[in-house]
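*Asks:* Protein chains in written order, with this note's numbering: chain A, 1234 to 1335; chain B, 2 to 631.
These are calculated hints, taken from the structure and not from any lab test.
Built from N, CA and C at the ideal position, the CB exists for glycine as well.
Warning: the hint list may mix true and false statements.
[To be verified] Reference excerpt, derived from the structure (chain B facing chain A, CB under 7 Å, subset only):
no. : residue
1   : R534
2   : L537
3   : Q605
4   : N606
5   : G607
6   : L608
7   : F614
8   : L616
These are the residues of each chain, in order.
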Amino acid sequence: MLGPGVAWYLGIAAFLFATGAFGVLIRRNPLIVLLSLEIMLNGANLALIAFSRHAANGAGQIFALGVMAVAAAEVCVGLGLVVAINRRRLALDVDEFSELRG
Amino acid sequence: MIAGAWLCLWAPLAGTVLILLGGTRMPRKVAAWVATTSVFVAFAGALWSFFALHANADHHSHYSALWTWLAAGKFTVPFEIVVDPLSTFMMLIVSGVGGLIVLYSIGYMDGDDEERRYFAYIAFFVFSMLLLVEGGNMLLLLVGWGLVGLSSYLLIGFWHERPSAVAAAKKAFIMNAFGDATFALALFVLIAHSNSLEFATSFATASHLSQSTVDLVALGLLGGAAAKSAQVPLHTWLPDAMEGPTPVSALIHAATMVTAGVYLIARTHPIFEDAPTIALVAAGLGAITLLMAGMIALVQTDIKRVIAYSTMSQIGYMFMAAGVGAFSNGMFHLMTHAFFKALLFMAAGLVIHAVADEQDIRKLRGVGALMPFTKWAFLIGAAALVGIPAFSGFFSKDPILAADLHDHWYGVVFWACGLVGTFLTGLYTFRLYFIVFPGEPSPFVREHYHSHHGREGSWTMLVPVGVLTVLAAVAGWIQFQPFWEPITHWLSPVIPTEPAAEATNWDDAITSVIAPILGIAGIVVAWLIYGARQRLAVPRIAWLQRLLEHKFYFDEAYDLVFYKPAVATATLWRRDFEEPVVLTTGSDLGEGTLELGNATRRMQNGLLRTYVFFLGAGMAVLAVVFLAVR
């Protein structure tokens, strides 16, 4: 098999996922949160494709395509929300939206 | 024959249903007449089946089943009735005397608030008793048995606004339920051994069982009989049952209910013959009861209670007869007793009805001067009860005593008890008579007496009393042992007299001389003490009087043995378990849940990042756990 071993890919995937998760956790701007979410999804995609190649099985790639489709849909909804919030002149800060606290 | 028996059974039930369906749309008078008619139709059915059976030469038992009432595997019980000499005999008494009593109720209950309910109940009572005597197997007998208990409960507690009536009704029901339970247990033993409750099969099985098992079955049946017939020690409900309307007392005491125990022993006599010890116990209970009840009756001051105790005493005679095997004598006494006891209750009811519902004999002095018809009716009933020659009690009570004489060594003891009982009967009956009827009316009576349009009661009340007066006087002539014995002959295919209980002519003769003499002696003593001139002072023996007024302390003893420990245990549980544990657990659980909620709701802070963090942290912990335990 050509190229680096699967462990390398997984390392990068884990790094991407952790970066994304970290971003989701600490950033307050919804745009950045959505962006971090995309990075997490892409980390997962990378892991799927790495395993797909490692196992010589195309199913992982199909999964990755599915994830992309879902991600696109999700970004549509997320950006729609951001636009809606902005239109109402509300602060673009996820911590301000905590009406559902107990 | 069979059709007559079915008619006899269903007619009173139809009356009940009709009154219930009619409700308030049915005028009170109509309800009363529906009940009366239904019971007299039952009597007609009973007559029909009696004459049909009489015309039938063999006098065998005829069974008729309508449908299979209960089926559990191989064990099936049909809904069937039996027509044989014994059941037709009972049907005639129950529906005949019952009909007269219901007719009497029309006048007695006139103007009561809930007359319709009363008549529905009383017709149902007659139906229950008819089911009991016609039931073609042990289970239907038990069903009738239970329904009789239920209807007596309903009728004793009829005046439900009186707390004492409600208490009396409950007491009667509980004491009877105890008997029902022992009866049912006896049936379970029979089912276990024979898988059937048919009379013939059960009796055949019983003769093959071990002695202890048969004794157990007989004891269970005896428990039921003693509770229903108010025999010691299950008798305490009967005097309290006087809280019901007077016709109900007459019905319970004469035609239905208390005679059921005697009927049960007669019906299941093969079992008692296989268990001679228990039969002896039955006779012993009868002897004890007839003495105790006779003595207690001496100190009672309530007109109905005196008669109630005399019922207990007379049923004691019947138990004695059944216990030694003289079943037909017992049944004959049951019949004459039904006549004169119903008569005594109805005469007492006439007095109570005419004098402001007063039952205290000390207030009712001299009422006979105003009510001569009642006085004579009561006198004839009393003479029949005491067993004065030529009145019915003489013909039926003395053969019972004569039959006892040859039953082993203890027969003589029973015989002596019975004779002492005769003396007591004379004493308490005529104590009642001399206090209430003769002499100058007391001021209370003068003030409160009111006649019914110049007569002593409405015709519906006077006619049954008149009919029963005649019957109480002459019904005994049907059978005069040993000269003519049609009733013994009629009943002998079902309940043959045991050889040991066959009285010789000599027994009959000597008993028929001694018993009336003792009875008359009792009357004379009563006259000396309570007659107009009061030649003797009322004897005062403080401890004896106390003992009798407390009815031998049975109520107190039951109170001590059952009621007090039950209440003490309940109090203990309430104090040490209910209050500290049960009552607090519920609120503690509620408060604990609330506090837990208050503590955990802080986690719900509305910040998405916190949720994500916990989600991630949870996943991490799970991953570590799964890796660790793998």
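*Asks:* Tell me if the interface restraint on Q605 (chain B) is satisfied: Cβ within less than 7 Å of some Cβ in chain A.
*Replies:* holds, 3 Å
*Asks:* Holds or violated: the hint that G607 (chain B) contacts chain A, with Cβ atoms closer than 7 Å.
*Replies:* Since chain A brings a Cβ to about 3 Å from G607 (chain B), closer than 7 Å, the hint holds.
*Asks:* Taking the least C-beta to C-beta distance, is L537 (chain B) closer than 7 Å to chain A?
*Replies:* violated, 95 Å
*Asks:* Please check whether L608 (chain B) passes as an interface residue: C-beta within 7 Å of a C-beta belonging to chain A.
*Replies:* holds, 5 Å
*Asks:* Taking the closest Cβ pair, is L616 (chain B) under 7 Å from chain A?
*Replies:* Cβ of L616 (chain B) sits 10 Å from chain A, so the hint is violated.
*Asks:* With a cut-off of 7 Å, does the beta carbon of N606 (chain B) approach a beta carbon of chain A closely enough for the hint to hold?
*Replies:* For N606 (chain B), the interface hint holds, since the closest Cβ of chain A sits about 5 Å away, which is under 7 Å.
*Asks:* Should the hint that R534 (chain B) touches chain A count as held when the rule is a Cβ pair under 7 Å?
*Replies:* violated, 98 Å
*Asks:* Does the interface hint hold: is F614 (chain B) within less than 7 Å of chain A, judged Cβ to Cβ?
*Replies:* Since chain A brings a Cβ to about 6 Å from F614 (chain B), closer than 7 Å, the hint holds.
In this structure, the hints that do not hold are numbers 1, 2, 8, in rising order.
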